[in-house]
Amino acid sequence: MNRNMNDFQHSQQELTQFRRRLLFAVLGVFLLFGALFARLAYLQVFLHDYYSTRAESNRISLSPITPNRGNITDRNGVVLARNYSAFTLEITPDQTRDLEATIDALSELIDIQAKDRRRFKRLLEEAKTFESIPIRTRLTDEEVARFTARRYLFPGVDVKARLFRQYPEGALAAHAIGYISRINDNDLAWLEQEAAEHPDRNINYKGTTLIGKIGLEKEYELELHGVTGYEQIEVDAAGRAVRVLSHTAPVPGNNLVLTLDAALQKTAEAAFGQRRGALVALDPRDGAVLALVSNPAFDPNLFVDGIRFDDWDELNANPDKPMLNRAIYSAYPPGSTFKPLMALAALSQGRRKASYTISDPGFFSFGGRLFMDDKAGGHGSVDMEKSIIVSCNTYYYHLANDLGIDAIARFMGEIGLGARTGIDIPGESEGVLPSPEWKARRFKSREQQKWYAGETISVGIGQGYNAYTPLQMAHALANVLNYGRVFPPHLVDAVTESGTGAARKVSAAPARQIPLNPEHVDFIKRAMAGVNREGTGARAFANAPYTSGGKTGTAQVYSLKGQRYAGRSKERLRDHSWFVAFAPLEEPRIVVAVLVENGGFGSQSAAPIARQVFDYYLLGKDSAGPAPEVAASADEGALDAAPPILSPAGAQHAVLP
Amino acid sequence: MLFYLRRQFLRIRAHLDMPLFIIVLLLMGVGLVTVYSATHSVGVGRLDRQIINMLIALAIMLAVAQAAPQKIMRYAPLFYFAGLALLIGVALFGVTANGSRRWLSLGVVNIQPSEIMKIAMPLMLAWFFHKCEAELKLRHFAIALCILLLPTLLILKQPDLGTSLLVGAAGFFVIFFAGLPWKIMLGAALSAIAALPLLWNFVMHDYQRRRVLTLLDPGSDPLGAGYHIIQSSIAIGSGGVFGKGWLKGTQTQLEFIPEKHTDFIFAVLSEEWGLLGGGLLLLLFLALVGRGLMIAAAAPTLFSRLLAAAISLILFLYAFVNMGMVSGILPVVGVPLPFISYGGTALVTLTLGIGILMSIHTHRMLVKK
Numbered sequence: 001m002n003r004n005m006n007d008f009q010h011s012q013q014e015l016t017q018f019r020r021r022l023l024f025a026v027l028g029v030f031l032l033f034g035a036l037f038a039r040l041a042y043l044q045v046f047l048h049d050y051y052s053t054r055a056e057s058n059r060i061s062l063s064p065i066t067p068n069r070g071n072i073t074d075r076n077g078v079v080l081a082r083n084y085s086a087f088t089l090e091i092t093p094d095q096t097r098d099l100e101a102t103i104d105a106l107s108e109l110i111d112i113q114a115k116d117r118r119r120f121k122r123l124l125e126e127a128k129t130f131e132s133i134p135i136r137t138r139l140t141d142e143e144v145a146r147f148t149a150r151r152y153l154f155p156g157v158d159v160k161a162r163l164f165r166q167y168p169e170g171a172l173a174a175h176a177i178g179y180i181s182r183i184n185d186n187d188l189a190w191l192e193q194e195a196a197e198h199p200d201r202n203i204n205y206k207g208t209t210l211i212g213k214i215g216l217e218k219e220y221e222l223e224l225h226g227v228t229g230y231e232q233i234e235v236d237a238a239g240r241a242v243r244v245l246s247h248t249a250p251v252p253g254n255n256l257v258l259t260l261d262a263a264l265q266k267t268a269e270a271a272f273g274q275r276r277g278a279l280v281a282l283d284p285r286d287g288a289v290l291a292l293v294s295n296p297a298f299d300p301n302l303f304v305d306g307i308r309f310d311d312w313d314e315l316n317a318n319p320d321k322p323m324l325n326r327a328i329y330s331a332y333p334p335g336s337t338f339k340p341l342m343a344l345a346a347l348s349q350g351r352r353k354a355s356y357t358i359s360d361p362g363f364f365s366f367g368g369r370l371f372m373d374d375k376a377g378g379h380g381s382v383d384m385e386k387s388i389i390v391s392c393n394t395y396y397y398h399l400a401n402d403l404g405i406d407a408i409a410r411f412m413g414e415i416g417l418g419a420r421t422g423i424d425i426p427g428e429s430e431g432v433l434p435s436p437e438w439k440a441r442r443f444k445s446r447e448q449q450k451w452y453a454g455e456t457i458s459v460g461i462g463q464g465y466n467a468y469t470p471l472q473m474a475h476a477l478a479n480v481l482n483y484g485r486v487f488p489p490h491l492v493d494a495v496t497e498s499g500t501g502a503a504r505k506v507s508a509a510p511a512r513q514i515p516l517n518p519e520h521v522d523f524i525k526r527a528m529a530g531v532n533r534e535g536t537g538a539r540a541f542a543n544a545p546y547t548s549g550g551k552t553g554t555a556q557v558y559s560l561k562g563q564r565y566a567g568r569s570k571e572r573l574r575d576h577s578w579f580v581a582f583a584p585l586e587e588p589r590i591v592v593a594v595l596v597e598n599g600g601f602g603s604q605s606a607a608p609i610a611r612q613v614f615d616y617y618l619l620g621k622d623s624a625g626p627a628p629e630v631a632a633s634a635d636e637g638a639l640d641a642a643p644p645i646l647s648p649a650g651a652q653h654a655v656l657p
Numbered sequence: 001m002l003f004y005l006r007r008q009f010l011r012i013r014a015h016l017d018m019p020l021f022i023i024v025l026l027l028m029g030v031g032l033v034t035v036y037s038a039t040h041s042v043g044v045g046r047l048d049r050q051i052i053n054m055l056i057a058l059a060i061m062l063a064v065a066q067a068a069p070q071k072i073m074r075y076a077p078l079f080y081f082a083g084l085a086l087l088i089g090v091a092l093f094g095v096t097a098n099g100s101r102r103w104l105s106l107g108v109v110n111i112q113p114s115e116i117m118k119i120a121m122p123l124m125l126a127w128f129f130h131k132c133e134a135e136l137k138l139r140h141f142a143i144a145l146c147i148l149l150l151p152t153l154l155i156l157k158q159p160d161l162g163t164s165l166l167v168g169a170a171g172f173f174v175i176f177f178a179g180l181p182w183k184i185m186l187g188a189a190l191s192a193i194a195a196l197p198l199l200w201n202f203v204m205h206d207y208q209r210r211r212v213l214t215l216l217d218p219g220s221d222p223l224g225a226g227y228h229i230i231q232s233s234i235a236i237g238s239g240g241v242f243g244k245g246w247l248k249g250t251q252t253q254l255e256f257i258p259e260k261h262t263d264f265i266f267a268v269l270s271e272e273w274g275l276l277g278g279g280l281l282l283l284l285f286l287a288l289v290g291r292g293l294m295i296a297a298a299a300p301t302l303f304s305r306l307l308a309a310a311i312s313l314i315l316f317l318y319a320f321v322n323m324g325m326v327s328g329i330l331p332v333v334g335v336p337l338p339f340i341s342y343g344g345t346a347l348v349t350l351t352l353g354i355g356i357l358m359s360i361h362t363h364r365m366l367v368k369k
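Respectively, the protein sequence lines represent chains A and X.
Just so you know, the numbering used here puts 528 at position 528 of the first sequence, and the rest follows in order with no gaps.
Just so you know, the numbering used here puts 117 at position 117 of the second sequence, and the rest follows in order with no gaps.
Treat the hints loosely; a few may be bogus.
[Claimed, not checked] Using C-beta positions, here's what the derived DEER-type ranges look like: (1) X:LYS71 x A:HIS10: 24 to 34 Å; (2) X:TYR36 x A:HIS10: 46 to 56 Å; (3) X:TYR36 x A:ASP94: 35 to 45 Å; (4) A:HIS10 x X:LEU78: 22 to 32 Å; (5) X:HIS40 x A:LEU153: 28 to 38 Å; (6) A:ALA196 x X:LYS248: 49 to 59 Å; (7) X:HIS40 x A:ALA241: 13 to 23 Å; (8) A:PHE24 x X:MET365: 22 to 32 Å; (9) A:ASP94 x X:ILE22: 53 to 63 Å; (10) A:GLN17 x X:GLN8: 32 to 42 Å; (11) X:LEU2 x A:THR16: 46 to 56 Å; (12) X:PHE242 x A:ALA494: 53 to 63 Å; (13) A:PHE24 x X:ARG364: 42 to 52 Å; (14) X:TYR36 x A:GLU192: 45 to 55 Å.
Hints in this document: simulated from the structure, not taken from any laboratory.
No residue lacks a Cβ here, since even glycine has one placed at the ideal position from N, Cα and C.
Please work from the sequences and hints to get the whole structure.
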């Protein structure tokens, strides 16, 4: 009984303890479930927005749709740049196991040459490994079919339909049009900067792989590119597309209608033939660029899908430097083409009357130095008109000395020399408009910074430090012919909206007005007409059925140390040949500046090119083939030869920069 | 005939605990709805199989409920030692898969003896304490500890940290309810904390350490080990209060949730039903555990008391560990969500436990008489 009692007490005690522990367990269950609920509430209430966003970005993949690039056509609708669709074979390095082995296996199916591999390797270095990189472009239908049948063997390799840029006219106006090529880090930095500066413009290059590098393709990049479209795709965890959620169509890029006349351009390029040089033809009435030649040129089509090594080497190693835009970048001493501008400066500043006559003994003596005329014994009695027609150096030695370098620099700067013209392609250089200030900026040592009065005298005949681009020369002449109204040269006439077809004219309003007396301008025009009638341009313009004006010039490449220029020196040492001209005389519709490198006398090689261009433009006369060099008679050529600058006997010869 | 069927029905009815039965049916219903959502894209085969799994599991539950607790107690040591033998068998001739040796091949089927231990362990310990009820001394707790540790360590060696912890916890619950002094528990807890560095450096495998590290910072390995936790957190969080709607969870339907029909099914439920659905599920589990603890409180013998209380806490532990892991507060261990996750084995183990609870409750009057 007692024991039973104890047992009972014992089990009662045990039961109480058990129930206490049960209560404890209940407490624990509530506590832990409560914590769990708190965690769920934290995730689903407080972090709900965050996780919703993450779920959406998991699910939705934005895939860019690149817009079609705008076309470029000349003023008559001739297509200079357009797009076409073609198949490319592309590899995503990240998704392939063995890149080399993959390419080897592919080459058994599809013709992949060593140069394709080299280009691929180069693109691989530039691109990111998750990007799709082309190994072969422009696949034939047969090649596409052959690959597609075995696609499963090649993970990470795909055939893609891509739009390619095409320049149907090849090298025609290549320096003006430029080219597009793969986007690099510099381009990205530029895009970023543009986007920061123009937050209102929708600058979005997702999916775009090519971008304008030079020329109009670069200058009008943002017009040509268009607005990237988007497709919102729902994807599963493996990245497979499930369905399209939304589609924002891309807006194609705008088209450019140029002021350039492709046929005129062709004529001008043909007139150069193999010769190196540049030509700029402007419509003086509004600054429209009618032709812009830099010879030799390059085929922009080479760059579009990544230029091959050998092509690139060839372009770079070529001593004729085909990639150099001579028309806007290379600056040459203007030689005698500077003289009409000098004359105008004198008239404008009231330092000379046109009738003022000098007697030319064949040299000009200054500060103990002799500045020679090119005609032994001189031109005799020379007034301003004759000084231009016969290109009399002595007249301009005097004139330069009288005007002084400051007045010359001021006037030449005002009519547009030594400054960028503002043409709508990048890469323009300023040239050199020499002045004491320029020299102080240009040189470091005190000695070199000093301006010598003798230097003013060589500047007066377009030599010395003078150096201007062909574009500047054409622009300056156009400004003069316009009686001082300055139209910045422009290649684009209008930007047409791809969707609406609405055309936006590129401004043709004069940028500024140079104060010029119309009578002075008319005088210069008359004098330049005399050049083509009876002076150094007469032979090239013989029997032209239109009136014109011109001026030849010769830019010294190498000092001949007193020897008479005979036009027979080694080709690369020959002087550069200039010709600036306009037509018709009364209402000029075209201005050209022609420069033929190492062309010798301006009358000999540059003037005939101008004649062909004028003939085509004014008469529609197509004279194909390079312009024949007009044989220069000894004295005619000599008229325009650059003067050797001599010091008195024994003195060091002044070397031109 | 009709009379016989009626008698059978009444017999089954008599040993059926209605509240438990309804809660289990509700949980299974939630499970089917969620499994459908997680698997419908690959066809309905999985759902059909899960329905069959559930019917078998329910039948086992009802059958076990018929058996008197005394009868169950009689088989407890046999059950335990058979399980132990199988575990030793696994250690010697087990099938290795995924770097661990967990299965024993019986020709046609592979069995996982550690699964048996989940029930055998509390059964054995409850039996043990019942047997020495009158003269419970400290040394009995020491023996109990050996009973607990032997299979737990065998499972740990497989290696299967998750299951060994669950089996160990099941045994611990029995010892706890049997009255293990607080002082000892406190001492053990302190020494366990002290031993953690040793455990970390010498006992835990690399993948286990990684799981713990991943829990602490899932972002450290977003595409590797952290992927599970990140994706399930996104699923749960994006579900919000009301959820995205059935079959409309993007994380689920677009396959972002890994193991979505098994271990991570709670993420599916939370994404599509929101905090509301998750909270209701918690309430269901709370009701299940509460009912189990009530049965324990009313149980007449020490064996049934300990067993009922331990089984209730095991159910709680499974639910808590799974949901804690999916919502990112516990490391990833392979524990399915009771009654919800797809899979037959776990379901049978669970209904076995529920059956025992029913048996204890419906036979209590008979014992008292």
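Do the hints match the structure? See the list:
1. X:LYS71 x A:HIS10: 24 to 34 Å: 26 Å, holds
2. X:TYR36 x A:HIS10: 46 to 56 Å: 54 Å, holds
3. X:TYR36 x A:ASP94: 35 to 45 Å: Once the Cβ atoms are compared, 37 Å apart, the range 35 to 45 Å for A:ASP94 and X:TYR36 holds.
4. A:HIS10 x X:LEU78: 22 to 32 Å: Since A:HIS10 and X:LEU78 have Cβ atoms about 29 Å apart, the given range 22 to 32 Å holds.
5. X:HIS40 x A:LEU153: 28 to 38 Å: Once the Cβ atoms are compared, 34 Å apart, the range 28 to 38 Å for A:LEU153 and X:HIS40 holds.
6. A:ALA196 x X:LYS248: 49 to 59 Å: 41 Å, violated
7. X:HIS40 x A:ALA241: 13 to 23 Å: 20 Å, holds
8. A:PHE24 x X:MET365: 22 to 32 Å: Hint holds: Cβ distance 28 Å, inside 22 to 32 Å.
9. A:ASP94 x X:ILE22: 53 to 63 Å: 55 Å, holds
10. A:GLN17 x X:GLN8: 32 to 42 Å: Given about 41 Å between the Cβ atoms, the range holds.
11. X:LEU2 x A:THR16: 46 to 56 Å: Holds, at about 49 Å.
12. X:PHE242 x A:ALA494: 53 to 63 Å: 57 Å, holds
13. A:PHE24 x X:ARG364: 42 to 52 Å: Roughly 23 Å apart at Cβ, these two residues miss the hinted range, so it is violated.
14. X:TYR36 x A:GLU192: 45 to 55 Å: 50 Å, holds
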